[in-house]
Structures are given as C-alpha cells and as structure tokens.
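Offset between the sequence shown (1-based) and the numbering used here: plus 17.
Derived from the structure by calculation, the hints contain no laboratory data. One should not assume that every hint holds.
With a cut-off of at most 20 Å between alpha-carbon atoms, the simulated PhoX-like pairs for lysine-lysine come out as follows [as the list claims (entries may be wrong)]:
(1) 89 with 52
(2) 70 with 89
(3) 70 with 38
(4) 97 with 70
(5) 97 with 154
(6) 184 with 139
(7) 89 with 76
(8) 97 with 76
(9) 338 with 348
(10) 72 with 52
(11) 318 with 338
(12) 338 with 369
(13) 38 with 97
(14) 139 with 154
(15) 38 with 233
(16) 55 with 38
(17) 285 with 318
(18) 151 with 97
(19) 189 with 151
(20) 369 with 391
(21) 318 with 233
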Amino acid sequence: MEPFFILALALVSGKFALSSKPMIFINPPWTTFFKGEKVLLTCNGSHFYAPGKTKWYHKGKMLQETSGNNIKVNSSGTYKCTTNNSPLSDSVTLIFSPVLLTMRIPYPVFEGDSLILRCQEKDNDTLTHVTYYKNKKPFSAFNQNSNVFIPQARLSDRGRYFCAAIKHKLRKIISNEAVLHIHELFSHPVLETTDSQPIEGSAVTLRCEIWISPQKSNIQFLFSFFRDPGIMLLGQSRAGECQISKFWREDSGSYWCEVETVYPQLYKQSHPIMMRARRIPITGVHIEVQPHGKHVIAGQKLVLLCSVAEGSGTITFSWHKEGTEAILEKKIQHSMVAEFTISAVRENDSGKYYCTADNNSSLIPSHSVSITVKRNERGPLIAVITVALGSVLGFIAVALLVYFKHQRKSGQNYSTDLPRSLPIQIQETMESNACTQLELQEIHSDETPVVEDVIYSEVWSTQQGKEEAEDASGKPPLDKDYSVIYLVVKKEEAQGDSTGSSQIVNESNGDTTDGFKNVQLS
C-alpha cells in the first residue's frame with residue numbers, strides 16, 4: 018500500500034462521506050537523508066477523534082507513545098501512527114544513508130503538483146557532469162549541478178530515481194536509490210446506480226463516486242454523465258449525481274461518468290456499466306363506457322376508456338367493434354390509460370365494442386361491452402315548436418312593420434302643421450276684450466269618419482281665467498253650454514301655395530282662409 022492517507026469521498030447529493038485515517042507528515046519534506054540527520058514526524062489525526070495520546074510504530078513494532086502528535090527519528094525503516102484509538106495510518110519509509118550523495122525527493126506528491134528532484138552532496142561541494150536516472154535509465158544530464166523540475170506530476174512519473182556526478186573533477190559518486198510516489202489527487206470514478214435493471218418508466222439515480230486526500234479536499238471537481246454512443250445526459254456540473262425521472266427501453270445501453278478538476282487540469286473516466294430496462298407484461302385490460310350505462314341517446318358524445326392493470330413501456334391501444342375487421346382507433350403512448358371518443362353517436366353505432374393493449378410482449382384483449390343507441394324522441398317536437406315560434410315571431414314582426422309604416426305616413430300629413438298635442442289659441446279682438454281659448458281634440462275614428470287626408474277636430478271655447486272642470490276623458494262637462502265648431506284641417510295640394518302652409522275650411526260657409534286668422538266662433 019502506498020505510504021499516504023486516502024480520504025474516501027463519496028459524492029451523494031452534494032455531500033461527502035468521509036473515512037477516518039490519520040496521515041504522517043515529514044519535515045523536511047524528503048524521504049532520504051544523510052546518516053546522523055534527524056527528522057520530525059507529525060501524526061495528523063482525523064477530526065472524528067478527539068486529540069489525545071499518539072502511538073508510534075517502527076518496522077511493525079510499538080516504538081513510543083507521546084502526549085502530543087510529534088516525534089523525532091533518525092533510523093531507516095517504515096513508520097506508522099494512531100491517535101486516540103483511530104485506525105493505523107499508512108506507512109512512511111525513511112532512508113538514512115552513509116553515502117556522500119543523496120537523491121532528494123519531496124513527500125507527499127499528488128497528481129498535478131510541481132516538484133523538484135535534487136541531487137545533493139553531503140558537504141555541498143561542487144559537482145559536475147550530473148546525471149539523473151529513472152528505473153536505471155538516464156533521462157537528464159547537466160554539466161554543472163542542477164535540479165530537475167517537473168511542472169505537473171503524472172502517475173507515469175512514479176519510479177525509482179538516483180543520480181551520479183563527478184566530485185572535484187576526478188571522483189565519480191553515486192547516490193542512493195529513492196522511490197517517487199505520485200499519489201492520486203482523486204481516484205478513478207466509479208459509477209453507481211440505484212438499479213442496473215430498472216422497470217420501464219421507473220426513476221433511476223446515477224452517482225459518480227471518487228476518493229481524494231484530505232490535503233486536497235478544497236479541489237473543485239466537474240462531473241459529466243454519458244450514455245453510449247457518447248450522448249451527454251448532464252452537462253458539466255459540481256453535482257456528482259444524475260437523475261433519470263423515467264427510464265424506458267430505448268434508454269438501455271452503456272453508461273459512464275467523467276470527472277475533471279478545475280485546477281490543476283486532470284481528467285478521469287469511470288468504467289462503463291450496462292443498464293437495461295425490464296418490461297412488465299400487460300395484464301388486466303379493461304374497457305369502460307362514459308357516460309355510464311348501456312343506452313346512449315343519438316347525438317350524445319360517447320367515450321370508450323381502455324386501461325391496463327399492469328404493464329410497462331410503450332403501450333399500443335386499439336378499439337374494435339365486433340362484426341367489423343376495421344380498427345376504429347389506435348394510440349401509442351407511455352401511459353396505462355387511453356380513450357377513444359365518438360363526438361356524436363348514431364343509431365347504426367349500436368353494437369359490441371372491445372379494446373386491446375400491446376407492449377411488444379403480448380396482445381391482450383378486453384371484455385366486450387354492448388352499446389344501444391336510442392333515437393332522440395324530443396327532436397321532432399322541438400323542431401315543430403321551433404317552426405311555430407318562428408312563424409309567430411315573423412307575423413308579429415310584419416304587423417309591427419305595417420303599423421309603424423302607417424304611423425310614419427300619418428305623421429307626415431300633419432307634421433308641418435301645428436302639433437296636435439298643443440292647444441290652439443285664437444285671439445280675436447272682441448267687444449268685451451276677453452280672451453277666448455280654443456282647444457282642439459282629435460275625434461276618434463269610431464266617432465268621426467276619416468275621408469282621405471282630412472282630419473276632423475272638435476273645438477270648444479272657454480273663457481280664459483275661469484276654472485272649469487273636465488272629466489277624465491278630456492271632454493267638457495255636459496251641463497255647460499259651449500259653442501262648438503267643427504274644423505276641417507287639410508294639407509294644401511301640390512298646386513297650391515309652394516310654402517306648404519295649411520288651410521282651414523269653415524264648413525258652415527265653405528270659406529277657405531290661410532292659417533287660423535278667420536276662424537268663426539258660433
């Protein structure tokens with residue numbers, strides 16, 4: 018096992034599930050030292066365990082128990098620690114060598130980190146012709162002593178390193194061999210699913226899980242989910258979870274997830290997993306009639322509902338009438354209920370109906386229902402009433418039209434004369450200097466005959482200023498003596514005065530005068 022602490026980080030709905038393993042830190046941050054040097058080790062415990070005593074192990078044996086979490090060592094070998102009954106940490110290997118030249122490799126190193134490989138002489142003497150080796154093969158050489166800089170560490174940089182150099186231009190010296198551990202910044206993603214064989218139409222959750230080191234817990238990650246052949250289900254997001262609300266047979270296939278860091282830029286892909294939708298065979302096909310009942314009135318709307326008790330996937334519904342081979346209606350949908358509507362049924366729609374349902378596993382028919390379409394008896398009666406009512410309304414409309422036309426014509430004959438509703442006052446110079454008031458009242462057709470355009474009026478005179486009572490009919494009292502004059506008002510003929518003024522004929526003498534100036538009172 019690599020000598021570093023791994024924090025298990027399961028991304029579930031944006032939350033982290035943590036493991037609790039302490040980690041050993043080294044100061045100075047190397048793993049190779051000259052003999053006689055001392056190194057400070059620190060056991061960094063998890064927050065799950067309260068601070069307390071620390072137990073140190075060297076080469077698998079109990080070395081020392083300290084009140085704190087630090088210890089100084091100067092012996093080669095593997096070291097482990099535990100704090101307050103926590104699990105043992107991963108091991109750290111230190112090398113204390115009596116050589117004159119050592120290979121300095123930093124610890125710990127993670128993917129994406131920059132690092133420096135240093136070939137160092139014990140007394141810091143000048144070195145020439147410095148060569149660096151990886152797995153016993155030279156990969157870099159310098160005339161003067163120089164360091165090797167790796168800007169972004171990769172897992173492929175792991176290996177055993179050492180260096181060789183010329184001291185004082187005469188003597189060749191070789192360093193000890195050191196192991197470079199490149200720890201994963203995060204593990205390869207693992208795609209987990211709530212169900213790899215979900216029932217068609219059910220919900221499925223995909224989770225992309227990774228593990229990282231506690232030292233890199235602040236790294237930002239972007240997650241993506243894919244389905245074969247490279248269809249992205251969810252764009253890059255910080256959520257390590259993808260919800261598929263309804264999983265259908267056409268969604269079956271290979272799925273995987275990808276994780277990418279914002280900085281440093283690293284990319285990893287999970288292994289694919291196969292997901293296949295399970296189809297439930299159709300059972301319990303049922304047909305229902307709306308409105309309820311076996312009898313329907315002609316002209317009504319009829320709805321035939323077809324449903325299934327069980328079944329998944331795309332279901333094909335069809336409706337049939339016994340005695341005919343034709344399919345009345347066919348619907349394909351992701352639903353367990355479908356309907357067929359006849360907007361207005363006719364008498365020849367009577368018969369037995371049934372429906373079928375199929376999801377490519379089996380064709381299941383329903384039971385049949387009998388429907389009888391009855392004639393609408395109220396239809397003829399309503400038609401007769403409608404025609405009669407229309408005739409009456411038409412007759413009334415014609416009568417009103419004739420009446421108003423006659424009224425309009427009569428109104429034109431005297432519209433230019435004085436208004437009939439106003440009393441005609443005739444003032445004459447009389448010896449008594451009294452004012453005489455003439456009042457015109459139209460005589461109804463049953464009292465006075467109408468000849469052509471002649472209007473007969475009855476005129477009686479009263480003395481102005483005297484209060485005489487009249488009965489409710491508007492006629493003068495019978496016990497009074499009134500002088501009555503019958504006037505004939507007739508519109509002037511076309512050949513008469515072009516002004517169209519009215520003339521009054523005094524029937525007693527036949528004289529005709531203009532206006533009302535020569536009216537005689539008897």
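Evaluation of the provided hints:
1. Pair hint residue 89 plus residue 52 holds up; C-alpha atoms about 14 Å apart against a cutoff of 20 Å.
2. Between residue 70 and residue 89 the CA atoms are separated by roughly 16 Å; this keeps the pair inside 20 Å, and the hint holds.
3. Restraint check for residue 70 and residue 38: the C-alpha separation of about 16 Å stays at or below 20 Å, so the hint holds.
4. Between residue 97 and residue 70 the CA atoms are separated by roughly 14 Å; this keeps the pair inside 20 Å, and the hint holds.
5. Under the criterion of a C-alpha separation no larger than 20 Å, the hint pairing residue 97 with residue 154 is inconsistent with the structure, at around 32 Å.
6. Taking the CA atoms of residue 184 and residue 139, the gap is about 11 Å. The hint holds against a cut of 20 Å.
7. At roughly 16 Å between alpha-carbon atoms, residue 89 and residue 76 fall within 20 Å of each other, so this suggested pair holds.
8. The hinted pair formed by residue 97 and residue 76 meets the criterion: a straight-line CA distance of about 8 Å does not exceed 20 Å.
9. Our distance criterion of 20 Å between C-alpha atoms is met by residue 338 and residue 348, whose separation comes to about 16 Å.
10. The hinted pair formed by residue 72 and residue 52 fails the criterion: a straight-line CA distance of about 25 Å is larger than 20 Å.
11. Restraint check for residue 318 and residue 338: satisfied, since their Cα atoms lie roughly 17 Å apart, inside the 20 Å limit.
12. For the given pair, residue 338 sits about 6 Å from residue 369 by alpha-carbon distance, which is consistent with the 20 Å threshold.
13. As the CA atoms of residue 38 and residue 97 are separated by approximately 11 Å, the hinted pair is consistent with the 20 Å bound.
14. The suggested pairing of residue 139 with residue 154 is violated, with an alpha-carbon distance near 24 Å, which exceeds 20 Å.
15. Between residue 38 and residue 233 the alpha-carbon distance is near 15 Å, which keeps this suggested pair within the 20 Å criterion.
16. The straight-line distance between the Cα atoms of residue 55 and residue 38 is roughly 26 Å, outside the 20 Å bound, and the hint therefore fails.
17. Straight-line distance between C-alpha atoms of residue 285 and residue 318 comes to about 61 Å, which puts the hinted pair past the 20 Å bound.
18. Distance hint between residue 151 and residue 97 is unfulfilled; the C-alpha atoms sit about 28 Å from each other, more than 20 Å.
19. Taking the CA atoms of residue 189 and residue 151, the gap is about 18 Å. The hint holds against a cut of 20 Å.
20. A threshold of 20 Å between alpha carbons decides the hint, and for residue 369 with residue 391 the separation of about 15 Å falls inside it, so the pair holds.
21. This hinted pair does not check out: residue 318 and residue 233 have alpha carbons roughly 69 Å apart, beyond 20 Å.
Hints 5, 10, 14, 16, 17, 18, 21 from the earlier list are contradicted by this structure; the remaining hints agree with it.
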